[in-house]
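Under my numbering, think of the first position of the sequence shown as 7, with each following residue one higher.
In short, the hints are calculated from the structure, not lab data.
These numbers were taken from a predicted model, which means no experiment stands behind them.
Think of the CB as a built atom: it goes at the ideal place given N, C-alpha and C, for glycine as much as any other residue.
Treat the hints loosely; a few may be bogus.
Estimated spans, in silico, between C-beta atoms of each pair [claimed, not checked]:
no.	residue 1	residue 2	range
1	Asp143	Gly195	51 to 57 Å
2	Asp258	Gly171	30 to 36 Å
3	Lys441	Arg150	43 to 49 Å
4	Gly93	Val368	21 to 27 Å
5	Thr207	Arg437	44 to 50 Å
6	Lys154	Asn79	47 to 53 Å
7	Pro91	Glu192	57 to 63 Å
8	Glu170	Gly295	48 to 54 Å
9	Lys154	Glu249	27 to 33 Å
Listed next, the in silico DSSO-like pairs over lysine-lysine satisfying Cα-Cα at most 30 Å (straight line) [unchecked claim]:
no.	residue 1	residue 2
10	Lys193	Lys214
11	Lys394	Lys370
12	Lys169	Lys330
13	Lys330	Lys308
14	Lys394	Lys167
15	Lys193	Lys308
16	Lys308	Lys378
17	Lys378	Lys330
18	Lys154	Lys135
19	Lys154	Lys390
20	Lys390	Lys193
21	Lys200	Lys213
22	Lys330	Lys390
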Amino acid sequence: GFTLPRWPEMRWKIRESEMSNSHNGWSRRGFLGLAGATAAGLASGASFGLPARADEAAIKFWDMPWGGTTYNNAMKDLVEGYAGPGGRTATYQTIQWANFQQVFASALASNTGPAASTGGAFQAFQFAKQGQVLYADGIIDKLRESGKINDFLPGTLEALKTKEGYVGIPWNLDVRPIWVRTSLLEKAGVEAPKDWASWLTAGKTLKKNGVYAFATGAGPNNNFGYHGLVSLMINNAGGLFNENQEPDALYDRNVEAMEFVREMASEGLIDPASVSYSTDNLDTMWRTGKVAIGYHTPGLDKVLGETDGDLVVMSPPEGPHGDKGTAYYVNNIMMYANNPSTPDTEEFLVWYVNNLAHAWTVGKAPTLPALKSITETEEFRSRKQAVKVIEEWQPVCKPMAARSTASFAALASIDAGQAVTRFTQTMLAGRTDAKKALERLQSDLEDLM
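Starting from the given sequences, assemble the full structure and let the hints guide the process.
Given below as structure tokens:
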């Protein structure tokens with residue numbers, strides 16, 4: 007399945023007892039298996055400890071463990087302090103990442119779900135397609151009237167815009183920057199690469215010291231390999247889809263990017279065992295000094311508990327044609343059709359967006375905010391590497407739907423499926439022609455669409 011970005015407190019497989027999810031982004035990233043979920047096929051909401059009926063007087067808000075108990079306690083206090091028009095109040099409930107797809111699908115099918123929630127990056131797209139999510143255009147209009155719309159970072163709103171409307175409101179981001187371990191680069195006498203050519207050169211020098219130049223993995227519950235390949239495509243102005251959201255894996259810039267990966271693999275710059283690496287294996291590579299360059303979440307330093315500045319985010323490299331870019335997920339807040347009052351829920355969400363800084367200033371959220379004003383707070387500015395990601399990487403980010411500017415429902419099954427894993431393992435092995443591997447992926451994507 008898909009994975010969440012790895013933070014010290016947060017992943018699908020948690021390191022701390024207070025949480026149950028490990029890696030990302032997502033991940034907060036994809037949202038699995040919802041399209042076919044029905045109440046008959048899943049346990050009832052009550053079996054997950056959910057209330058049997060909605061509180062008609064309150065707006066029910068469901069949130070995920072984005073930053074452990076500190077985060078969730080802070081947001082619970084915020085939400086339950088809401089006092090809306092006509093005395094409308096709000097309730098707060100934390101939904102764990104484990105089985106969250108079933109929890110949402112079952113609750114919505116039985117009309118015991120929330121009025122609004124956070125969730126997986128593609129969740130709103132899938133539920134909107136089913137008629138369960140209401141488009142957020144009314145909220146966007148209110149934010150535009152107040153000027154708050156100008157607070158969103160570039161491209162984040164566009165990533166949620168469909169032909170029918172905005173499926174949600176962006177609030178946190180999961181970016182794929184490239185990290186380097188400076189001590190290993192210095193030992194080899196090389197600098198952080200500024201382009202693909204210098205990446206290869208540095209890699210060949212690092213190899214002499216037994217150090218790999220492309221940290222990755224394509225084993226169980228590890229999407230970093232797939233994310234890295236798509237990020238390289240975007241770095242070369244490519245992407246798996248065209249502007250009309252149709253599979254276009256064989257786009258010439260994608261072929262060129264994957265030939266670069268094949269060359270790194272064939273030159274021994276990628277650990278051959280990475281095809282089976284879990285996220286823990288990947289992090290161990292970083293921790294033990296076996297790798298010096300690679301894609302990860304914006305919180306890799308926190309994941310590894312490092313504060314000495316040896317592990318840093320480098321500046322975005324140029325592709326062979328001078329392009330810069332990487333992949334990211336835009337996590338969002340969505341509104342559901344089954345709620346006490348759509349106008350009141352919209353009013354609540356406008357208020358919530360205007361108070362989102364609370365998640366970082368009090369809740370200590372380890373994620374990246376989608377609002378510029380939050381990136382300017384003292385709490386966020388203290389995170390040097392995260393600030394660099396926002397300042398240098400976010401402006402060149404594209405969604406996993408690139409070359410389309412917006413995501414779409416089918417990405418959930420693609421992001422969580424075996425097709426991209428199989429493709430990634432093929433490329434990391436370095437034994438298959440890039441075009442041939444992309445032809446297989448193109449066929450698989452067409453089937454999934």
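**Message:** Check whether the Cα positions of Lys200 and Lys213 lie no farther apart than 30 Å.
**Reply:** Holds, because 18 Å separates the two Cα atoms, which is no more than 30 Å.
**Prompt:** Are Lys394 and Lys370 close enough, with their CA atoms no more than 30 Å apart?
**Reply:** This hinted pair holds, its Cα atoms lying about 18 Å apart.
**Message:** Next pair to validate is Lys308 with Lys378; report whether the Cα-Cα distance is within 30 Å.
**Reply:** This hinted pair holds, its Cα atoms lying about 22 Å apart.
**Prompt:** Should the hint that Lys154 and Glu249 are 27 to 33 Å apart at their CB atoms be regarded as holding?
**Reply:** holds, 29 Å
**Agreement of Lys193 and Lys214 with the hint, judged by alpha carbon distance not exceeding 30 Å** = holds, 11 Å
**Message:** Between the beta carbons of Lys441 and Arg150, is the distance compatible with 43 to 49 Å?
**Reply:** holds, 45 Å
**Prompt:** Honestly, do Lys154 and Asn79 meet the 47 to 53 Å range at C-beta?
**Reply:** Violated - the Cβ-Cβ distance for Lys154 and Asn79, about 26 Å, lies outside 47 to 53 Å.
**Request:** Could you see if the CB distance from Asp143 to Gly195 stays within 51 to 57 Å?
**Result:** With Cβ atoms ~55 Å apart, the hint holds.
**Request:** Take a look at whether the Cβ-Cβ distance between Gly93 and Val368 falls inside 21 to 27 Å.
**Result:** holds, 25 Å
**Thr207 paired with Arg437, Cβ distance criterion 44 to 50 Å** = Violated: the Cβ-Cβ distance is about 23 Å, outside 44 to 50 Å.
**Message:** With the threshold set at 30 Å, check whether the alpha-carbon distance from Lys390 to Lys193 stays at or below it.
**Reply:** holds, 24 Å
**Message:** Need the status of pair Lys330, Lys390: alpha-carbon distance at most 30 Å?
**Reply:** Holds, at roughly 21 Å.
Violated hints, listed in ascending order, are 5 and 6; each of the other numbered hints is respected by the structure.
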